[in-house]
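Protein chains in written order, with the working numbering: chain B, 1 to 260; chain X, 1 to 211.
Source of the hints: derived by calculation from the structure; they are not laboratory data. What you are looking at is a predicted structure, and each value in this text was computed from that prediction instead of being measured. One or more hints might be untrue.
Here are the simulated lysine to aspartate or glutamate pairs, EDC-like style, with alpha carbons at most 20 Å apart [to be verified]:
1) Lys-42(B) - Asp-91(X)
2) Lys-254(B) - Asp-160(B)
3) Lys-168(X) - Glu-186(B)
4) Lys-257(B) - Asp-200(B)
5) Lys-68(B) - Asp-162(B)
6) Lys-34(B) - Asp-100(X)
7) Lys-98(B) - Asp-162(B)
8) Lys-104(B) - Asp-79(B)
9) Lys-242(B) - Asp-200(B)
10) Lys-175(B) - Glu-74(B)
11) Lys-175(B) - Asp-100(X)
12) Lys-37(B) - Asp-21(X)
13) Lys-42(B) - Asp-100(X)
14) Lys-6(B) - Asp-100(X)
15) Lys-34(B) - Asp-91(X)
16) Lys-37(B) - Glu-173(X)
17) Lys-45(B) - Glu-123(X)
18) Lys-95(X) - Asp-44(B)
19) Lys-60(B) - Asp-100(X)
20) Lys-95(X) - Glu-31(B)
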Amino acid sequence: MSKPEKSSIQVLLFTGIILVISSLLLSAASEGLKSRKQANVKLDKQRNILKAFNVDLGAKPTAAGITKAYTTIESVVVDSTGTAIEGADITKLDLAKKLQNQYKLLLSEEKGTVLSEEETAGIQLPVYQLRGDDGTIAAYAIPIVGDGLWGRIFGYVSLDSDLNTLRGITFYSHKETPGLGAEITEPWFQQNFVGKAVRDIEGTFQSVKVMKPGMADEDSLHEVDGISGATITSDGVTDMLKLYLQAYGSYFEKIRKGDR
Amino acid sequence: MASGELFSDENKKVFTDPFSDNNPITIQVLGICSALAVTAKLQPSIVMGLAVIAVVCGSNIIVSLIRKLIPGQVRIIIEMIVVATLVILVDQLLKAFAYDMSLQLSVFVGLIITNCIVLGRLEAFAMGNKVWPSLLDGLGNGLGYAFIIALVGFARELLGSGSVMGVKVIPAEAYELGYSNNGMMVLAPGAFILLGLIIWVQRTLSPQEES
Chain B
1 MSKPEKSSIQ VLLFTGIILV ISSLLLSAAS EGLKSRKQAN VKLDKQRNIL KAFNVDLGAK
61 PTAAGITKAY TTIESVVVDS TGTAIEGADI TKLDLAKKLQ NQYKLLLSEE KGTVLSEEET
121 AGIQLPVYQL RGDDGTIAAY AIPIVGDGLW GRIFGYVSLD SDLNTLRGIT FYSHKETPGL
181 GAEITEPWFQ QNFVGKAVRD IEGTFQSVKV MKPGMADEDS LHEVDGISGA TITSDGVTDM
241 LKLYLQAYGS YFEKIRKGDR
Chain X
1 MASGELFSDE NKKVFTDPFS DNNPITIQVL GICSALAVTA KLQPSIVMGL AVIAVVCGSN
61 IIVSLIRKLI PGQVRIIIEM IVVATLVILV DQLLKAFAYD MSLQLSVFVG LIITNCIVLG
121 RLEAFAMGNK VWPSLLDGLG NGLGYAFIIA LVGFARELLG SGSVMGVKVI PAEAYELGYS
181 NNGMMVLAPG AFILLGLIIW VQRTLSPQEE S
């Protein structure tokens, strides 16, 4: 359909009106749905932490169910020496960006770079504690970050109160290949970790390694079966576990010595 | 569209054509990017199909309503603004009401903006037709798209993960007997091959004049 050409003023006016209507609509939608979206993000985070603790939420967890289950969880923030930081806000800490920065710091420290005082002070490590029925802390969960094949992998890992036995692991954000690396989000893979130990009988730190599929020694408490066709993702999980279990080492050590 | 009847033969044809003789994916070969990206599982394929239906219908209606006012010089820009606005709205709604699904579809909802089917229908149909036929055209094309990607999603999930809608359907005994999921089906090449097969079948059933 051929259209009569319109004057520049008409074109500008029309485009302007359309743009204003469009922006108004989008702002209204964004503002109107804001609280719902934030609630979803918060709920999703709580669900992931509960999942890391291996808390059974049923097949289709409801919002109320998650909120109720989450009341048993408390959180603290510790510095790199394992001392709790007074007044640190864990909700602000857990932003993906903060975790990314800390990940870079921890990684360079592991590779031998000595961190400046300022950088060390910047390391604020969140810890989630699960209260058992008797009021004592039954388990601890920490966020973990690592590199997969296509991008960063984010997750949580939880330890029993002995701070040695793995209680659960979960990954909530990743860019791995569906069917290969993305299998890290599947229950069969995550269940491999349950019951594994971070330290050997002598108490030496061993971490838990993801082996090639079928190569894990069944008797070993420090090896789990990996995913075929996803070696780099598996190695990424191995590395992130080691990095973070070490980073939280001094905190865990303090608790083990009974100094909370 | 001289006829005033809502379900005149002409209108029916506008609605049903995109299912078979003029399917946006298999005949026009549009919207392939998302057909490859989101179809590893059935459920996201269906949600993606619904999102595209909503956007095609919505933008067809709006553009058809204002088609006489749109200046010819900036027509594509205006169409893109309408499409982009609707896509962002759909994305926001998914984030608010179907958060898990929006996590799975991630960037591909936003990429509906660049889905050729949407702009194609606006240019080819909504710019020159009344509102009601435009709605039917959008609905037909949206459903034509949704049907094909649901088909691809179903086949990929079944062959690649051994499940349908997340429920395992291949019995454990089959795996013990040596059956294994086809890893290629969960990757984009699997979708390519399936789409090729679907296009082959479609074109054999309703031969087209090659242009």
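Q. Among the hints numbered above, which are violated by the structure, and what are their numbers in rising order?
A. The structure conflicts with hints 5, 7, 10, 12, 14, 16 and 17, although it agrees with all the remaining ones.
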